[in-house]
Every structure is written in structure tokens, then in C-alpha cells.
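Peer 1: Heads up: the sequence lines are chains A and B, in that order.
For the first sequence, counting from 1, position 238 maps to 417 in this note's numbering; every step adds exactly one.
For the second sequence, counting from 1, position 82 maps to 261 in this note's numbering; every step adds exactly one.
These are computed hints drawn from the structure, not numbers from a lab.
Please note that a few of the clues may not be correct.
Copies of the same chain are indistinguishable here, so a pair counts whether it falls within one copy or spans any two.
[Stated by the list, open to error] The calculated DSS-like cross-link candidates involving lysine-lysine, where the alpha carbons are at most 27 Å apart (straight line), are:
no., residue 1, residue 2
1, K487, K384
2, K502, K205
3, K502, K429
2 protein chains.
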Amino acid sequence: MADKKMVEEITSMNVDFAQWYTDVVKKAELIDYTSVKGCMVIKPAGYALWELIQRQLDERFKNAGVENVYLPMFIPESLLEKEKDHVEGFAPEVAWVTHGGLQPLQERLCVRPTSETLFCDFYKNDVHSYRDLPRVYNQWCSVVRWEKETRPFLRSREFLWQEGHTAHATEEEAQERTIQMLNLYADFCEEVLAIPVIRGQKTDKEKFAGAVATYTIEALMHDGKALQSGTSHNFGDGFAKAFGIQFADKDNTLKYVHQTSWGMSTRIIGAIIMVHGDNEGLVLPPRVAPVQICIVPIQQKKEGVLEKASELRDRLHRHFRVKVDDSDKSPGWKFAEAEMRGYPLRVEIGPKDIEAGKCVICRRDTREKLEVPLEELEVKAGELLEIMQREMLERARVHRDENTWTAVNMDEFVNIFNEKSGFVKAMWCGDEECEIQIKERLSVTSRCMPFAQEHIGENCVCCGRPAKKMVYWGRAY
Amino acid sequence: MADKKMVEEITSMNVDFAQWYTDVVKKAELIDYTSVKGCMVIKPAGYALWELIQRQLDERFKNAGVENVYLPMFIPESLLEKEKDHVEGFAPEVAWVTHGGLQPLQERLCVRPTSETLFCDFYKNDVHSYRDLPRVYNQWCSVVRWEKETRPFLRSREFLWQEGHTAHATEEEAQERTIQMLNLYADFCEEVLAIPVIRGQKTDKEKFAGAVATYTIEALMHDGKALQSGTSHNFGDGFAKAFGIQFADKDNTLKYVHQTSWGMSTRIIGAIIMVHGDNEGLVLPPRVAPVQICIVPIQQKKEGVLEKASELRDRLHRHFRVKVDDSDKSPGWKFAEAEMRGYPLRVEIGPKDIEAGKCVICRRDTREKLEVPLEELEVKAGELLEIMQREMLERARVHRDENTWTAVNMDEFVNIFNEKSGFVKAMWCGDEECEIQIKERLSVTSRCMPFAQEHIGENCVCCGRPAKKMVYWGRAY
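Assemble the whole structure, with the sequences as input and the hints as a guide.
Peer 2: What follows is the structure, given as C-alpha cells:
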């Protein structure tokens, strides 16, 4: 009874995907709500996941020549206002500090919603000569945006992220870095998180406040909605001119730097949940699973069982992240809990297994069970984790492709979004007016103009005028 | 000329220690000032140091059963006010958020100066039964205290730290954890940072707002001033009662949890600088040096020199954090820069060395030079780094011991603080009044009642009444 109860308490994803998501987030103990409206507690299981994301992303950053720094969390109002588009985009949603201790401040400070203005203020004094360039800095921090409606990981008033901010001597180099970092994000998502993504450019309507061009990776969730999973912006020299960031070039003339920024946040944990999860709970890709193998002793009170479980843990521990569940719950309960938490592999070991010199391994994603001789445990577990990592990506890719449609006119476009969900590939004239119409009518936005353009037709899906770009459209988180 | 200039720009530590400190922090490029008053930028060299501190401290935490989490950065005013002593201690120095977006908030929020109240609010809903205990959580984050006077690393309005917050079923277990974490900090300081510390308890006057007992590690800086380098607090059940954190114990009765908290911050970087630094700049202990070995090619335009330098880097890179300085500066300039930045070892390699199959290694701390056959480079470098790590701790210990005095009466006590600097060991009656008198007269505070008590005399150094404890006294940062 108790074993089933745990599972039954989760809403089926087919019945109510949003409720399923909230249930999983809570039952897998990733997050908790707090008395601080719109802010969350990231619990040990959630934070361990973030640490593994951080560590692997940071390693890729360092290999790409990125250096970490830390800038203040406060932005004086006058600094935020220096770049016109930027302040318009962010001022409506920032938190304002007006008092320090018992005194009112002379100038109010906002809690950073993003740090372009702070990096510009820093680079202005830090960059003098072409020898100081490029600057390829990043920080891991939390940012605040005063959202009205919040959802765990996807949208909260405070969230954790990294934000890279670079300064370059030339336009070309800035553009190269913008694309390099977008590709780094895409590779990370696919290779580590097993999430396939579409790489492309945002339309002007959807680009970042103050950017010349914004590039994005877009992933498709299990319910057919899109999630923007990482962005990379090229600012040209707009911020440099607003802040006066100049350097003496080799030819001894003063020039403005060209800048980029790029970020990925705890939002990506929402993508992991919504791409891989199922009705039993979380399914974690092995490369970011804080526990890769959970050993469940069967009839653990019988002599030798817990000892054997510990011995296996010590062996596996040399290669994998592993734990033994030796709590006093029933095996069935432990199985359900291990599935809810998304541990990639479960190893079952009981008296009969010990006698036979074997154990049972169960894969979380397919729930396939396999008998394995104990002496082959490490090798087999390693193989299964590799296979699972690969197949999770493949399965997500198939799901995405099966839910990607094409439309050549508005009837087709509307029908798809009324009857199905997913990405729709359709041509676009380049006019913001068409994006607005589509959004008002269907709550659908342009996700990106993919790098991999396809020729689907001659005319804009909305207005019928000659098309300029093929666009991925979708409903988004 | 240029080579000397770099060094000459640093004030000698014997002339003006405070200015020397500021010079080193700037010239070693650890930190920069910002337009945000009282807040700093931690630059790549400073942040890389913090990352190595973080990584090694976090590893020790995990081995001690600590789990990382993340709680909100905002505390609603009503929450901050729940524990009387705590709010009195912190309310005067917090930053207040009063507006979210364009709207005034119904209740103002402070930016966390420390997170006891948030953890209590969380544990109140998270802990139900003895099975949920202990909770041993930690977070890495930034906190804000609205200081009037600020100094890089030592005191700034925002700083980075970790704060551990635990909940236990019994008083004994809480006390055990409090001491365990203090010892963990002390071992970390000595083994990793090469900083010897005094372990002890704070007097009631100096303890943390809301704590039953505060324990501290105190280090002595090169100028004879003390720096509180890490603290661990036992809260008893005071916060639990204020917040209503109860659990059902094994005997089925409701009990209050016992809590602790403990923290170490970027302040410790100030200690590294002030314990080990010299007139050439920073001296970094090998275990936290972001660059452990800097290779300087001599006559690098000559054929084969840069190639050899790269080859050595690739070899050393397998075991150490290493870089080649192949910039177009002169070797002398590079030497001065490597010394300023505190790289533990410098390897010099030029055409003659290559011909002779050797190189020169120079230790940063002693500035000793050693000729080493190239084939022995890894082994010798490893040995030297080990020796340097050990000798740095030993040297700091000798300096501390040579600057630790004893006083049995007020005349001796005053004389020492008028003529010398350092720790003074002296007996104390336990009365806060004596601490206040000493502070007013000499700007000296009780640093701690050390665990290793010594019997220096019968009477309080200040009032002459019977003494209760031997206390370390000092002027402090």
C-alpha cells in the first residue's frame, strides 16, 4: 500500500502536465517553497544537480579561455540608465534597495537582474590598450527579476546562473565569441544533459534589451512547449559608446570595444525534468545525476546482506556516484523512491543473489532489468550508464522530431497549434507585425531563425508576402 | 628601469602596512574598486584563489556529511525580527529592498546579512520527526552588511562566504557539530592556507547575535594584528523556540531542535595576504595558488626557447597548475610580476640552460635559486612545493609565537600594547566590564578563551579579582 501511495500521489503527465511538473519537483525533493514570495529553496538533491551542471559547464568555459570574476550585486540607478534599450527592458522588473542600515540612500540601487552595466563600468577603467583585449570574463551568481507569476526553476524572482561578459578589439572577434559560446551551450546540452537543441538567432522582437543580435538554443519539452535554454548576445559597440569603453589600438587610434554576453541558468534543470521525466518521476541523465547508482538491499536483516551492499558500494564508488539505501523502508518503497528521484541505475542485492554470485540492475529510463554476475558489476554498470546517456538523447531527439511540423499557410499553421503541440517550421517575411499577429491569435512566438535554414516555401506563413527566413515557432515556457 | 619601477611602486610593509596591503591587492590584480560604494570587483587572480579555497573547503564539508543548498537572498522584515538578539545585532547594518518593479512592497525585505532566520523558516516546515535529523546544510553565497568603512577582502558591503546551518535532536550533538566545524576550519587554515590559528571560545561580549556560544579561530597577521578567520556558533534551542521548530522524538514527544551555524568568507584571502606577503608582493601557499609554477623563457626570441618552455609546461601541467609567461616584456619585468602575484615557483629556461639540459627554479618565499636537470623537473618541483607549503606554516607559527606575550597585571599589559604588537595572553575574571575598560583604553579586544588554557596567574589582568579564564587579547581587523 505504502509503496503504491508514493507513486499515486503524482499527477499523470498526460492528465495535467503542469501539475505533474510541480509534483515531481516537490516529491523528488529538488525544491521547496518559502515565506519569501516568488523565491525558492533549492534542496540538496536540486543543488547537487546544479553543482554537477556548474562543474562541467565551468570546465568547458575554462577550456574556451574564460576567466571567472565576481562583480557587485547592486547597480546604482544612474548606471542602469546609461544604455537606453537596456534600462527600458529591465527597469520594470527590478528590486530596489532604498535604505542602507538606518539611513536612506542618496541614490537607490537595484539588485542586478543581469550585469551588462556593471561589466561596462568595470571595463571602462580596466581596458586601456589592445594588449588588454580580449577580456573573457564570467561570473556565477544569483540575479533578481520581479516576476509576477513564478514556477520552480522556470521563473522565480531570484535565480542562479552564470553570465559571461566579453570585450573585443574587433566586430569579427565579438561575433565569433558569440557563436562559440552558443555552440558551447548547445554541445553541453546535448552531450551532458541529453537534451537536443535547435541553434539559431532570435528575431529583433525577441532579442535581448540592448543587443544587436541574440542567439539562442531552443529545446522541446515533453508537452510540446519550447524552452529557451541558453542565450548569447552580440552588443556591437552600443554599450561601449554609452559607457565610453575605449582602447588604444595597434595603429595608435582610440577605438570602442565590441562586446558580448551569454548566460545559462537553473532554468535548465526545468528542461531536464520536462524532457526526460515520466510518470514515475524524475529521470536524470547519468552525466549529471548526483547519484548514478542506488543499491537497494533485499531482506537486509538477513546476515551478510548489508555487508555485501556496502562492499558493492565501495567497489562502485571508485568509478561512479553511488549510494546504498539501507533505511528501514520496504524494498518496494525504496524502488519507488529511487525512481522518483531519477537515479539512472538501481542495483538489487539479496540473499539469493549473493548465493548465486549475481545482482539485478534496473535502468531508470526503460525500467529494463538485467541479471549481472557480481564480478562484472563495474563494467556492466559503466556500459549501461553510457548506453542510457546516449539513448536518452536519441529518444528526446525522436520526440522532438515527431513533434516538429511544417506549415506553408496560416490555415495549416492554426490547425497545427489547435490540434497538436510542438515546433512548427514556417517561412516569415521579417516583419514584426506578423509575429505580433501570431502571438495575439495563438500565444505562439518565434523561437528562432535556425542556423540550419530550410526552404519550406516562398511566402510568409502569416501575410503571404515574400519570405526571408525559415523560423521555428512554438508556445514557450 | 621598468623592472624596478613595478616593485618600487609598492609601499614597504615596514613603512605603512595598510598601504602595503592595498598596493599588493591592486598590483597583484586580486581586486578592483567599483562605482558601487563599498563593493569590490574580485578579478580573475582573486577569484581563482577563492575557487581553490571553495573547492578544498567544500570537499572537507562533504566528507563531514554536509549537503549544499540554496536559500533566498531576501528576508522579510517580520522574519528577521523573530529572534530578539539577532535582529538587534543585524538590523542596523542591512540593506532594505522597498520596491519590486514599479510597485512599493507590502513588507520590506532585507538583503541577507546571514541566513539563520531563513534556515529556521525552512526547517520549521522541513523537519517533522527525529528521522529528519540531523539536517547539516550549507550554502555558498554572497551577503550584505552596510559597513561604513570598507577595505578589500577584510570589510566590504557585499562579500562571498559559506554559511552552514544545522539542526539536531540533542544538545550534545549540536555542541559536537559546532566544535567539529571549528576544527575543520582550523585544520583547513593550517594544512591548506599555511596559517596557524588559535582555537577557542568567544566571550559573551564578542559572541554572535543570538548564539549561546561562539567559537573562533584567530590568526595573527604580519603587523601583529589579529584576524578572526572563521566562526562556529551553537544556538541551543533559542532560535527553535522563536521559530517553532519542533520534531516528534523516538519517545513520541514533541521537542525543539538544537541548532548551529558556521561560516568562512573571502576575508580569509586578506589573511593569506597579510600572513605570507612580503615587500615583493603576494606569497601564495602552493595548495591554493592558482598558478603554482610560472615558466619564464630567457632570450625567448632565440630558436627553440619558446618551444622548450611549452614542452616543460606540458610536462608540468600533468601534475601542477602552470603557465608560461611568453609576453614581450623583459625577463626582469616578468620576474617582478611573478613575485608580485605570489607564484610559488618560477622556472627560468634560456638557450644556455637548454644546452646544458637544466633549468633554474626560484622559490617565491625564500627567493632561493636552484639548478635542476630537466629530467628531474617534475620531481624537484613537487618536492619544493611540499617544502614551501610546510615551511610557510612553520614560519608563520614562529612569527606568531615570537609575537605572543604574557601579562600578569595592567602595567605589563599596557606596556606591551604600547610598545609592541601581537597577542597577549592574560587572565580574566569573566566580567564584561573589564573587557570594556581594556577596549576603551587600548582598542584591544578579547580574541578568544583558547581551548588550550594556560595558568598564567591567579588574578584578572584588569581588575585583580580572581581569574576564571586565560584569554588571548589583541588589536583586530
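Peer 1: Within a copy, between copies, both or neither: which one fits K502 and K429 at a CA-CA cutoff of 27 Å?
Peer 2: between (58 Å within a copy, 26 Å between copies)
Peer 1: Go through the copies and call it for K502 and K205: within, between, both or neither, with a Cα cutoff of 27 Å.
Peer 2: within (21 Å within a copy, 46 Å between copies)
Peer 1: Pop the pair K487 and K384 into one bin, within, between, both or neither, using alpha-carbon distances up to 27 Å.
Peer 2: neither (60 Å within a copy, 53 Å between copies)
In summary, the structure is inconsistent with hint 1 from the numbered list given earlier, while agreeing with all the others.
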